[in-house]
Amino acid sequence: MTLQAEVIKEIKFGVFSEEQIKRMSVAKLTVPDTYNEDGYPIDGGLLDQRLGVVDPGLVCKTCGGRAKVCPGHFGHVEMVRPVVHAEFAKIIYMVLQATCQKCHRILLNDEQLTIFKKETGKELESDEPIQENGDAGDKHVEQAMLRKLKGVKKCPHCGTVQEKLKFSMPTYFYLGERRLKPDELKDMLIKVSDSDLAVLGIDPRVSRPESFILTTLLVPPVTTRPSITLETGERSEDDLTHKLVDIMRINQRLEQNINAGAPQIIIDDLWELLQYHITTYFNNETAGIPPARHRSGRALKTLAQRLKGKEGRFRYNLSGKRVNYSARTVISVEPAIDIDEVGVPRAIAEVMTVPFYVTEWNFEAAKALLDRKEYPMVLNVIAPDGKRKRVLEANKEELAKEVRPGYVLERQLQNGDMALFNRQPSLHRISIMAHRVRVLPGKTFRIAYPATFPYNADFDGDEMNLHIPQTLESQAEARHLMEVQYQIFSPRDGIVIMANGEDSIIAFFMLTQEGTRLSKEDASYLLSTAQIRGLPKQERDGTYSGRAIFSMLLPEDLTLEYGTGDKRVSIRKGQLIEGTIDKKAYGGGASNRLFATIAMQYGFDVLREFMAKSSRLSYAYATMIGISLGVKEYLGTESTLKSKEDTLAATHKRVAELIKQYKDKKLEPLLGLTLRQSLEQMIVVELDMARSRAIQELNKRVPKDNITMLMANSGARANVLNMEQMSMFLGQQTARDGSRVRRGYYSRRVIPHLKAGDSNADAHGFIESGFVDGLAPVELMMHAIAGRGSIMQKGLVTQRSGYLQRRLANALQDYYVASDKSVRDVGNNMVQTIYGGDGIDPTRVQMAKLEKEE
Amino acid sequence: MQNKRINLEVQPGEPVGMVAAQSLGEPGTQMVLGTFHFAGIASYAAIATSGLPRIIELLDAKKAPSSPLMRIMLKESYAKSFPKAEETAKRISEIRLKDIMRRIVENFAKGRILVLLNQQSMQIAELTPGQVSAKLAKQLGVEARVGEHGNVILHTHTKNLKEVRTIAVKAAKTLINGIEGVGRATVSQDEKTGEFYIDAMGNGVDAVLEVEGVDPARVYTNDAFAAYRVFGVEAARNVLVSEVAKTLRDQDITVSDRHITLVADAMTASGSIKSIGRHGLVGSKESVFAKAAFEETVKHLINAAAFGQSDYMRGVTENILIGKQIPLGTGVVKLTIKNTHEPTRGKKEKD
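Respectively, the protein sequence lines represent chains U and H. Under my numbering, residues 1409 to 2262 are what the first sequence spells out, in order. Under my numbering, residues 7 to 357 are what the second sequence spells out, in order.
So the derived list for chain H, only partly shown, Cβ under 8 Å to chain U, looks like this:
#1 M24
#2 T35
#3 T260
#4 A298
#5 M319
#6 L334
Residues from chain H that keep clear of chain U, each with C-beta distances beyond 12 Å, as calculated:
#7 F88
#8 N157
#9 R171
25 Å max Cα-Cα, derived BS3-like pairs, lysine-lysine:
#10 U:K2073 x U:K2163
#11 H:K340 x U:K2229
#12 H:K305 x U:K1574
#13 U:K1430 x U:K1599
Note that these hints are calculated values from the structure, not bench results. Cβ coordinates follow ideal geometry from the N, Cα and C atoms, glycine included.
Turn these sequences into a full structure, and let the hints guide you.
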């Protein structure tokens, strides 16, 4: 951990006064231009060398530093006439409304003042900050008071009747009918006393309202607005520089006109123009005025635009940081590595480094490492003064002599190093987990299949990021808090999120069937893949039961029993006695009690080990038995085809009946619906039922050894609906709101091939073909309509939920569990006395539930 | 292998706010936008806002939810009899004249308005022409009587065309029975207890509490603001929790209750309901930077400057901005060096 010598405790905001601006300015700028004919910065121009330098080779006239060393210095422009800072206009209005137009005292009588000060605690005393805590309660009193001030007709101090004060966006003020020019505004604001300002909530020590009217303009250093030289040698100035040139040009013209005694109208026009430029210099999106544009027609990006929004300074540069020691490439699966490992391509491992801190105790090891000439070798040496030197053949011996305790060697990445692995979008904390590096050949990052779930990753071209923590502290935190085995249970619901699926599930499903027997060779082979020595108890006929083999993976004294009937799973003393291991038992989700029990009783490392061994064994068994399927599975038998016909015929008949009833006005309307809506509703229900009937039929008719059924029953992949849609019919396609496809060509039919007003199934997206047969043209159309709808839906939902996520994060990020288990924010305000009512870790809620059951 | 049991408790410093935010935000992409998947069920649940829009509506602390519903439990004697429950329901659902009439005929020459009542809907609503006429007279301040064929005649005592028409228009909208703003109320039976209860659309909790037969302790609304107004913040908090939980459950999304309660508690801890957004929780943060980094950057900076506010750099955002470790998680732990240490020991210690 780096010790912080100085800590920022407070950042105070304020508005520079004219004097402060002049004091901090290094140059008064007078020439509204940038470079002279020789391409040299003009003195007193906007790129005056006293403001700092950006071109390499030039030296700053203020500090003597070169580009990148000189931080830049502020200058100033003196304006001939004051102008309003448009961003402060509302606050100016507030101050003016709250103070007398003649004596400029606050429009509260002394009695009200005392009450007000007492209630808000606002009084200017010694050096105490005025608003230690801008409490909500205070603001209430404040606002109520200020609202009252608007209505005050007569000054309680001097008795002057107040005229109507009007404010018109962005910078115009009127007293009665008369426009108040900025100089008049300034005169009024100067006269408001410090103590009155304090009552209004303004800290006069750092912000005087007359500073809201500008007479001198602070000019930011050139480093803030660097000019760029194009390849053609042409110079291109920053938008801010452009704007400043505009301001100075008008300022100069205004001065010339005033000196020449030009008519008032001309002066006012130029003044107005100056106001416009100043306003847009601060914010080029000010409401009520057209944005200043570049010659090309592009709106200029001025100060406010630099800060605002997603690409602004705050969100893009300050909240979002760029990092070193990171890598990114495509990901792919690797069944041979553990869930807490990440396969790193050699090419990446050779470039990325981990610091090796040289001490007197590891000095010899450091020397040896530095001496190496191939792969795990030292790339850089960092001296205690922070200077980094590249290790080359030429300087290796020299460096070896130089290195002492306190030096840091940057060593190439090797197996076992901690790395943070991430996939975007990072929607929850387990989108970043710590893995142990495994250097592998190839060019992709490799992860184990169960580790894809927290990342929501697949291997169709997804890319992921890798970060190497660079301090011992961060490596330790990564290893003990972020490593994959600690994230097996999701913080969202405490349920298993990382588990095997697909082939692994079906393998165990087959293995743990009642009656699965394996030869000695097969049993030995399987157990060897899991690095388990020895064999389970032999059956009488010399074979080994699948369940006994599975039991070898379990902790010796594990006991776990649940479920009833044929769903019962019974593990006693580490032996699976009864039940099949399917997705419910071994896959992700709340039904997986095995993982929670192991984690709770033996810890996460044992669980990780169990997952690693069982995965390998399951892959081996899946390979051994070989599971494959073909179209034949879906072609349908005579019996299924017949039931398809029957189901469809029955459905059509019922729909026709409903339509007839409707036409005969015999249909009973449903609660709260019109007759027409009721008909639609009833048809929808009918069509929905067609699919469920077909599924029932399939369940009855498809042989049990059908691989698809096997997959569905074990939970490995697919379900009966998938099969039904392939071998029987697709069923109803829904439009955006879940209703039948209805709008389209003309109002009463979807496409011109249909009859207008037809309520029948096929006219509104009921598809009678299955994927095996292929769709009819009209059906394809309907399917495409529904497909398009769901794509649109997806786009919309991601947008909306992304914003919700951002709002939630910003609103709740400051809450944490204090040492007494209460939930507080960083300001120490309590929101819960005990987290969640029970103080249980969200990743452990399922375990807590199981513990209770015990 | 005993006593290897792992600790199930939360660790101090755990950033549970962020965890809650992520737990509610992450499944957002799995939610649907529209109102459906209720195909076939013609009940209020089917037309109620659901999915992501409902979650957003709740967290936004919207003053007027798009589909307010009430579940009204009844006092024992009413809860056991269907007719009595039905009777109570009728006292609750709003009936305006236009719901029970066929037509209004104005007689401008005589300044009279003839209201032709719909006998069928009158019967369903169990109203007599006398009651309607009395109500109209009271509400409109005109003379009203029951005419032949059970119709109601209003005497406006004016022949001014405009006035007569105004009264006629007003009459149609006059509330005859029930509670203003409450739509249809239907009686259902609880499968477990056999109790009858009323589901009603619309919002009028305060008025419902007064209705005879209603058990005021067991009236539920899905409108957090109504709950806040009538029952207080704690009730509003409970509504937020149960509504968010229900919406997620309907979408088959499992989120631990602790996350939902934390969000609801954060929203209501101040004593009123604060939304998740710039006008609510984020807007009332103490830190200028935290507010500026969220939304309305320029506004917050200008205000801070004008009023001379300070940022005390206590929160997460502020510390990230200046590149400091955040004050949560392992960052809450602060170390102090004890000066009494022997110098020899101090030397050996790392860092």
